[in-house]
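Here the protein sequences come in this chain order: A and B. Under my numbering, the residues of the first sequence are numbered 1 to 125, in order. Under my numbering, the residues of the second sequence are numbered 1 to 125, in order.
Wrong hints could be hidden among the right ones.
Unchecked claim - Straight line, CA to CA, 30 Å or less: simulated DSBU-like cross-link-like pairs of lysine-lysine: (1) B/K27 / A/K92; (2) B/K92 / A/K108; (3) B/K108 / A/K108.
Unchecked claim - Coverage of chain A stretches by chain B, computed from C-beta distances (three or more under 8 Å per stretch; other residues unrestricted): (4) 19-31; (5) 48-57; (6) 99-105.
Stated by the list, open to error - If you anchor each label on the Cβ, the simulated ranges turn out as follows: (7) B/D13 / A/D71: 27 to 37 Å; (8) A/S10 / B/G111: 22 to 32 Å; (9) A/R14 / B/D13: 43 to 53 Å; (10) B/D13 / A/K92: 19 to 29 Å; (11) A/R118 / B/Y51: 18 to 28 Å; (12) A/I54 / B/E26: 47 to 57 Å; (13) A/P24 / B/N36: 42 to 52 Å; (14) B/G111 / A/I53: 24 to 34 Å; (15) B/E86 / A/E26: 49 to 59 Å; (16) B/D8 / A/E83: 16 to 26 Å; (17) A/E83 / B/E86: 52 to 62 Å; (18) A/P84 / B/P6: 21 to 31 Å; (19) A/A101 / B/S10: 30 to 40 Å; (20) A/I53 / B/S10: 41 to 51 Å.
FYI, nobody ran anything at the bench for these hints, they're computed from the structure. Even glycine gets a Cβ: it sits at the ideal position worked out from N, Cα and C.
Protein chains: 2
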Amino acid sequence: MSDEQPFDFSILDRVGAPHRRYGPGEKVFLEEDTGNAMYMVRSGRVDLITYGIILENVRSGGVFGEMALIDDGPRSAAAIAAEPTEVVVIDKPTFIAVVGADPQFALKVMGLLATRLRRMNKQVG
Amino acid sequence: MSDEQPFDFSILDRVGAPHRRYGPGEKVFLEEDTGNAMYMVRSGRVDLITYGIILENVRSGGVFGEMALIDDGPRSAAAIAAEPTEVVVIDKPTFIAVVGADPQFALKVMGLLATRLRRMNKQVG
Numbered sequence: 001m002s003d004e005q006p007f008d009f010s011i012l013d014r015v016g017a018p019h020r021r022y023g024p025g026e027k028v029f030l031e032e033d034t035g036n037a038m039y040m041v042r043s044g045r046v047d048l049i050t051y052g053i054i055l056e057n058v059r060s061g062g063v064f065g066e067m068a069l070i071d072d073g074p075r076s077a078a079a080i081a082a083e084p085t086e087v088v089v090i091d092k093p094t095f096i097a098v099v100g101a102d103p104q105f106a107l108k109v110m111g112l113l114a115t116r117l118r119r120m121n122k123q124v125g
Numbered sequence: 001m002s003d004e005q006p007f008d009f010s011i012l013d014r015v016g017a018p019h020r021r022y023g024p025g026e027k028v029f030l031e032e033d034t035g036n037a038m039y040m041v042r043s044g045r046v047d048l049i050t051y052g053i054i055l056e057n058v059r060s061g062g063v064f065g066e067m068a069l070i071d072d073g074p075r076s077a078a079a080i081a082a083e084p085t086e087v088v089v090i091d092k093p094t095f096i097a098v099v100g101a102d103p104q105f106a107l108k109v110m111g112l113l114a115t116r117l118r119r120m121n122k123q124v125g
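Chain A extracted, bound-state conformation:
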């Protein structure tokens, strides 16, 4: 996402989205956890990991855990901070508020959702 245009973090602050900090190796969530929010990396780096394999590095402006917005199923990968990291928690009401302020954000998250669902298919298939 951050390749296209820098995300305006002030939207998240305006809607009061909470921040969380993690040290290197700390988990944001584990595979199979239930969750009701996605996350945006504010600083640092989060690795998405399944079966010990790093699927993706998510850096500032990138989001992960977006499936939880549409689905109450378990997390399909673990999310582990790779360095000192700050994330913003985006639950459903926050997502609605952000999309109301920046509708393009919806298309970005949809694109990410499609990419990740297709990658899961390849792994399964």
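Chain A is fixed; fit chain B onto it per the hints.
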């Protein structure tokens, strides 16, 4: 979608989304067509068909072809009017305008996207 709450079609009229009418058996698009818009059924019924199998019936308030908003790939199924049908064309700028007016719409389309991508997986896998 229409099971949850009726879609407010006036949003689409306000943003000037074009309408198209089809007779029974007429195609909205065929599998492998390229496209840059999704569609919402205003009245009538559209069948999504692949390899001669009807995957889904889409009725008033339902949308289809949503992958085209995030992806320039070919259509993954044909969309054929099953009866006299009117659809509204929702291209990217229209989607952005609709989501700006009704941010919940983004979550609905994301849910649909996930459902359909997962169904494709099952067929492929």
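Results of checking the hints against the structure:
For the proposed pair B/K27 and A/K92, the alpha carbon gap of about 36 Å is over 30 Å, so the pair is violated. This hinted pair checks out: B/K92 and A/K108 have alpha carbons roughly 12 Å apart, not beyond 30 Å. The suggested pairing of B/K108 with A/K108 holds, with an alpha-carbon distance near 15 Å, which does not exceed 30 Å. Look at the region 19-31 of chain A against chain B: 0 of its residues bring a Cβ nearer than 8 Å to a Cβ of that chain, fewer than three, so the hint is violated.
With 0 residues having a Cβ less than 8 Å from any Cβ of chain B, the region 48-57 of chain A misses the three-residue criterion, and the hint is violated. Chain B is given as covering the region 99-105 of chain A, and this holds because 4 residues of the stretch bring a CB closer than 8 Å to a CB of that chain, at least three being needed. Between B/D13 and A/D71, the C-beta spacing of about 32 Å keeps the proposed range 27 to 37 Å intact. Between A/S10 and B/G111 the C-beta distance comes to about 28 Å, which sits within the given range of 22 to 32 Å.
Checked against the hint of 43 to 53 Å, the pair A/R14 and B/D13 fails, with Cβ atoms roughly 30 Å apart. Evaluation of the 19 to 29 Å hint for B/D13 and A/K92 yields a pass: the beta carbon distance comes to about 28 Å. The hinted window of 18 to 28 Å between A/R118 and B/Y51 holds, with their beta carbons roughly 20 Å apart. Checked against the given bound of 47 to 57 Å, the beta carbons of A/I54 and B/E26, roughly 49 Å apart, stay inside it.
For the hinted restraint 42 to 52 Å between A/P24 and B/N36, the CB-CB distance of approximately 43 Å keeps it satisfied. Taking 24 to 34 Å as the suggested C-beta distance range, the pair B/G111 and A/I53 conforms, at roughly 28 Å. The beta-carbon spacing between B/E86 and A/E26, approximately 54 Å, falls within the hinted interval of 49 to 59 Å. Range check, B/D8 to A/E83: about 46 Å between beta-carbon atoms, so the 16 to 26 Å window is missed.
In this structure, A/E83 and B/E86 meet the distance hint of 52 to 62 Å, their C-beta atoms being roughly 54 Å apart. Taking 21 to 31 Å as the suggested C-beta distance range, the pair A/P84 and B/P6 does not conform, at roughly 48 Å. The beta-carbon spacing between A/A101 and B/S10, approximately 22 Å, falls outside the hinted interval of 30 to 40 Å. Separated by about 49 Å at the C-beta atoms, A/I53 and B/S10 satisfy the suggested range of 41 to 51 Å.
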